[in-house]
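> First to last, the protein sequences are chains A and B. If you count by this note's numbering, then the first sequence holds residues 2 to 337, one letter each, in order. If you count by this note's numbering, then the second sequence holds residues 912 to 1231, one letter each, in order.
Bear in mind the hints are in silico, worked out from the structure with no lab data behind them. Being a predicted model, the structure only gives us computed values, none of them experimental.
Cut-off 20 Å, straight-line C-alpha distance, at most; resulting in silico cross-link-like pairs (PhoX-like, lysine-lysine): (1) K152(A) to K990(B); (2) K1122(B) to K1153(B); (3) K1015(B) to K152(A); (4) K1218(B) to K225(A); (5) K246(A) to K236(A); (6) K1029(B) to K152(A); (7) K1049(B) to K246(A); (8) K246(A) to K1015(B); (9) K1062(B) to K152(A); (10) K332(A) to K313(A); (11) K1208(B) to K272(A); (12) K1218(B) to K272(A); (13) K1218(B) to K1208(B); (14) K273(A) to K313(A); (15) K273(A) to K1218(B); (16) K273(A) to K236(A); (17) K272(A) to K313(A); (18) K1122(B) to K1134(B); (19) K1015(B) to K247(A); (20) K223(A) to K1218(B); (21) K1015(B) to K1049(B); (22) K225(A) to K1153(B); (23) K1049(B) to K247(A); (24) K1160(B) to K1122(B); (25) K1084(B) to K1049(B); (26) K1062(B) to K1029(B); (27) K273(A) to K1208(B); (28) K236(A) to K1208(B); (29) K1218(B) to K1200(B); (30) K177(A) to K152(A).
According to the in silico footprint, chain B covers these stretches of chain A (three or more CB under 8 Å from chain B): (31) 93-106; (32) 238-246.
Glycine included, C-beta positions come from ideal geometry on N, C-alpha and C.
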Amino acid sequence: MSLVSGPGRGGMTDLPEELRLFVDKHVSYIQSLDTRKDELEYWLTEHLRLNGLYWGLTALHLLGHPDALPRHEVVDFVLSCMHESGGFGAAPGHDAHMLYTVSGVQILATLDAFDDLEARVKSGRQRIGQYIADLQDPESGTFAGDEWQEKDTRFLYGALNALSLLGLLHLVNVDKAVEHVQSCANFDGGYGTSPGAESHAGQVFTCLGALTITGRLDLVDKDKLGAWLSERQLKNGGLNGRPEKKEDVCYSWWVLSSLAMLNKVHWIDGKKLASFILHCQDPELGGFADRPGDMVDVFHTVFGIAGLSLLKFPGLAEVDPVYCMPRVVTKRCLGQ
Amino acid sequence: MPKYYHDDPRWADIDALPQDDGGPYPLAAIAYTDEYSEAMSYLRAVMARNEMSERVLELTEHIIDMNPAHYTVWLYRAKVLSATNSDLSREIAWLNPTALRHLKNYQIWHHRQTIIDKLDSHVGEADFIATMLEQDAKNYHVWSYRQWLVKRFALFPGKGGADGEWDGEKELKWTEGMIEADVRNNSAWNHRWFVVLGGREGETVSDDFIKREIDYAQAAIRKAPQNQSSWNYLRGIVRHAKLPVSALKDFALEFATLESSDQVHSCHALDLLAEIYAAEENTWDEAAKAFELLATKYDPVRAQYWKYRQGLLRQGGVVA
Ligand SMILES: [Zn+2]
Chain A
2 MSLVSGPGRG GMTDLPEELR LFVDKHVSYI QSLDTRKDEL EYWLTEHLRL NGLYWGLTAL
62 HLLGHPDALP RHEVVDFVLS CMHESGGFGA APGHDAHMLY TVSGVQILAT LDAFDDLEAR
122 VKSGRQRIGQ YIADLQDPES GTFAGDEWQE KDTRFLYGAL NALSLLGLLH LVNVDKAVEH
182 VQSCANFDGG YGTSPGAESH AGQVFTCLGA LTITGRLDLV DKDKLGAWLS ERQLKNGGLN
242 GRPEKKEDVC YSWWVLSSLA MLNKVHWIDG KKLASFILHC QDPELGGFAD RPGDMVDVFH
302 TVFGIAGLSL LKFPGLAEVD PVYCMPRVVT KRCLGQ
Chain B
912 MPKYYHDDPR WADIDALPQD DGGPYPLAAI AYTDEYSEAM SYLRAVMARN EMSERVLELT
972 EHIIDMNPAH YTVWLYRAKV LSATNSDLSR EIAWLNPTAL RHLKNYQIWH HRQTIIDKLD
1032 SHVGEADFIA TMLEQDAKNY HVWSYRQWLV KRFALFPGKG GADGEWDGEK ELKWTEGMIE
1092 ADVRNNSAWN HRWFVVLGGR EGETVSDDFI KREIDYAQAA IRKAPQNQSS WNYLRGIVRH
1152 AKLPVSALKD FALEFATLES SDQVHSCHAL DLLAEIYAAE ENTWDEAAKA FELLATKYDP
1212 VRAQYWKYRQ GLLRQGGVVA
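Just need the whole structure built from these sequences, with the hints factored in.
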């Protein structure tokens, strides 16, 4: 099993024995997440519920356990978060917002449940598409998160992500959106949240993702950005999100997936990164933390597993670097 | 001291709406029924009747203190503030300690932005930002917010439009102070770029201006030759001014030579030298040697990247 696409690299077989992936532990960790309703923490994180479900479900699919959460209940819950407007809130009773709408679409796509949506919500797809399209700012081309009008390249990426999965990209002004992404490019080759904002690996991921979805990677100085991205690797193998910041599993994903979109995963040391990610697992209770020794959470769990998948770690389903979803799912939705 | 509403006479007219999460658990069995869940049940009730009042401001303040990431609460609070014509400077006075208690929260920044925009005054904001950056000098939200202020109140050097207390010249001085405090603070370097170039879209800049920025970056590099941020800045300015990279050759040679490989004090300098050599066909051997040193000795983690750049020489191409 080859680790990366570059020339002359070794496989994972010479990793030390303790660097195993504890698949069963991660599956039961994710399954346990929704049974903790007696903890205050469960309710304090309610504003992330739909994101959390997307993270957990994606991790399970990549781990090869797609049926570990009951499909019917998941679809019920997702649809219970949907508003008349077509937008989704984080949980029932929460306002609609781009970030949850994208998670809702990603979950429905992963479960191949767009037909369920249509059966239960009249013109469901179209309504979601319209909700997203209405958040585009006609002046700048970027997207707001909700009626509060905060703008961020994360929302722009999310919009294109969800619309492309729904096959409704034509509802928005793609050229304007691309122009906005270009205006967020910085002198160091990276991208920020808005024009002038500091380059940040998370925003590089969203901007590159947007350009990949719209077929405009030709606008990117790939060597310069690839160099900036590969500079994110630290001696311990982990990747950081900005110069002089600490390594973190979630940044490892954003940097690695960006490199994958540029076809330059081999510019970093994949073996060292895999080892860093594996050191962030909890071998007993499952889950991944941001860095070794910290508390695990489902957010770092999916990005840890997705990172290992991009590194072609044995036994994992292939992840799509643009969508952070199983490749079989995006192939199906995008008709590839 | 927890605060409850069921025994508060000011809330006696409200029938709380407890959580219905649609799940299989009977409501009464949810053991989180405490301060937070009670406050939330009152929020649901007032939202259901669309109440816009002073007591709702108190309630949302209470909930935000317990859970600042609950975006629906912020949005509702913003609506109430506007509907009740509240004193917005009081809102800022409350936001200051709240931001300090919740450094990672981001909802608070957009909220602050809309309030300051309405107040149409940045008085006190510089002090507030200073306090925030004392906690974390690289907080992305704080720097983004500062950029917004610079844009909103036209605080670019030589642009005028400010009130003397805080203007573009002071902004540049302040940014220099931040870089001086930590020359590796990439946020501060980015802010300098924004302040010196961000306000002049499309304008051509003078040679003096470019020279000042090059001198500034070079002085910072001499203090810390392995610092990515200052090298990125230097190269960015040179590219922006459309100067050839070879203009930096003598400077790069201060930190790295190919003659003796233990005289390399900065792989960024070696990278730059490689690029300069790669630009001229008669120095391709030197370029190849520099890439080799980077791949094998000075930056082996990125060996494949350096080999790629070396490979471009054979193809006759160069990395711009
Ligand atoms: Zn993280």
